[in-house]
Amino acid sequence: MASAPLPIAPRAESGRRFGFLLAAGFLLLLVILALFASLVAPYDPIAQNLKMAFAAPSFAHPLGTDNIGRDVLSRVIWGARPALLGVVITLITTSLVGIPWGLAAGYLGGITDLLLMRLADALLVFPGIILALVLTTVLGPSLQSSMIALGIVYSPVLARVVRSGVLSVRDREYITVTRLYGYSALYRMWHHVLPNALAPCVVQLTLIAGMSLLAQTGLGFLGVGLKPPFPSWGGSLSESFRYIVINPSASFAPGLTVALTVLALYRIGDELRDRLSLRH
Amino acid sequence: MTALLEIRDLVVTYRLGFGRTLRAVSGVSLQLDQGRTLALIGESGSGKSTVARAVCGLGPVESGSITIAGTDVTAAPDRAVAAGKIGVQIVFQDPTTALDPRWPIWRSVAEPRGRLFPPSPDRHRARAVALLERVGLDAAMADRRASQLSGGQRQRVTIARALSAEPRLIILDEAVSALDVSVRNEVLALLDDLKREAGLTYLLISHDMGAVIQIATDVAVMYLGQIVEQGPAQQVIGAPAHPYTQALLRAVPSLEGLAMPARMRLTGEIGDPARPPSGCRFHPRCPSANAHCAREIPIARPYQGRSVACHRVEELA
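Protein sequence lines, in the order shown, are assigned to chains A and B.
Heads up, the first sequence is in the working numbering, so the first residue is 3 and it goes up one at a time.
Heads up, the second sequence is in the working numbering, so the first residue is 579 and it goes up one at a time.
Since the hints were derived computationally from the structure, they do not count as laboratory data.
Remember, predicted model here, so these are calculated numbers, not experimental data.
You can trust all of the hints, since none of them are fake.
Beta-carbon label-pair distances, calculated as ranges: (1) A/127 <-> B/650: 46 to 54 Å; (2) B/613 <-> A/117: 45 to 53 Å; (3) B/638 <-> A/186: 15 to 23 Å; (4) B/701 <-> A/186: 20 to 28 Å; (5) A/265 <-> B/597: 48 to 56 Å; (6) A/126 <-> B/594: 30 to 38 Å.
Here a beta-carbon is modelled for each residue, glycine too, at the ideal position from N, C-alpha and C.
Extracted from the complex, chain A is given alone in its bound form:
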């Protein structure tokens, strides 16, 4: 009786493992494609060829061509560059803003905590993409500024996670006892509180990476971010979706790539969460 669930568990386990390897492999492939886009992409991503417009997938154009005859595969490959760069900029901005924010709130407590967390609530009330649009117009329209704007928009989410991590370790004895060794609050924060509160924060960052890619695609679709001739996944989608019936591959290729990338990021977040909670 007790051994009944056993035959299922290892298979589920190996399935999960396979999913993680697939996700990690996909992201790795994407990074390689982005880094070596100029070598890997079969065509110039902005070269138009109106005679070849709306071509169906073929040997010469594996994913077909778009409405002005550009190679869809090449555009998807080149589009990985701004996509990944954007995610990295967002994550760096979020970390730089959100981690000190959460640390200060959790460790200092009291009125500081109250004010910082109400500010976080206030920011979280706004729909992220609207706030990002406003911030982008303030910072000046460019890929970098819209990604920095997204980073700021997501930072209260990270700040909350960091704060709760800090609260859970702040009063542990290995931290309070260092006062007897003459160490300052800053030492405790940097050497004990932050590293021990960071694990849930890493998981949250993978979620933010996924959200930021979706938001970035949305902004690209609306025409904020990278200027038109240059390939971005969101931009490609907005140019092709009108012809989705006669030329589906030009819309599906960037769309599916975004979806798969976001799923892969979330899957890696799941794995990190499992592994980090196993330890301790």
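With chain A's structure known, arrange chain B on it following the hints.
For chain B alone, kept in the frame of chain A given last:
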């Protein structure tokens, strides 16, 4: 010879919120000489841990003085830093939360030296490994994390960490209470060795009479924030005078002591320190209390080589 640790009229009050307060320690005076082991015993809620935290500066102090090696630490801007500098260290009950789970144990052991005895981090490692060996751990364990050790091994690590600060006074806050009996005895024997070797003084906080009997030279018994009896361990443990001390010691399970007279049995809960009883705080639970005990607060006075706070100590003898 002046005492290494002298506590005078220590009062600690916790704020409970909504204007309510709890006086956990009300007027405790203690003296601990160099090289002795003073056991502070009592039930949970008696205030013994609060005294320990106050001494090392990790807990609050409302009034009174705590003098360590001639310096009144209650006057210092940061009492914990001051106590650490003078040579006070503490070993906690639960070594799991007392060690950073991310650090190799040698690094935890070396940590106190960073500020107390600065330069050269690589010599810190060598010292830390030597200390780990001194407390009975293998040098090969130095790079392990606390989670890879047993409870007894972890407690040895925290003892090594306290030693690396080169302390004079170590507060053992229920330091062996969480260990199982065989490990507990080994750790107590180690503590006794270390004390002789390094000329240490211990303040042992415990509800575990076995540990007290094994290493204490002096005993102070606390009840609801006050000391009811204190003196050399031989007198206090050997021939307890205060009815509470008697009850506490009779409550220690032993093969012979199974049939204890009903008069000695401790019933009920320790009172609420937020609303202490009138007169002698122990009177509601005392088998020998009379009307006088409920009215008058007993003053500690010398009795047979110790000090006792009980109105009827002579009559009951």
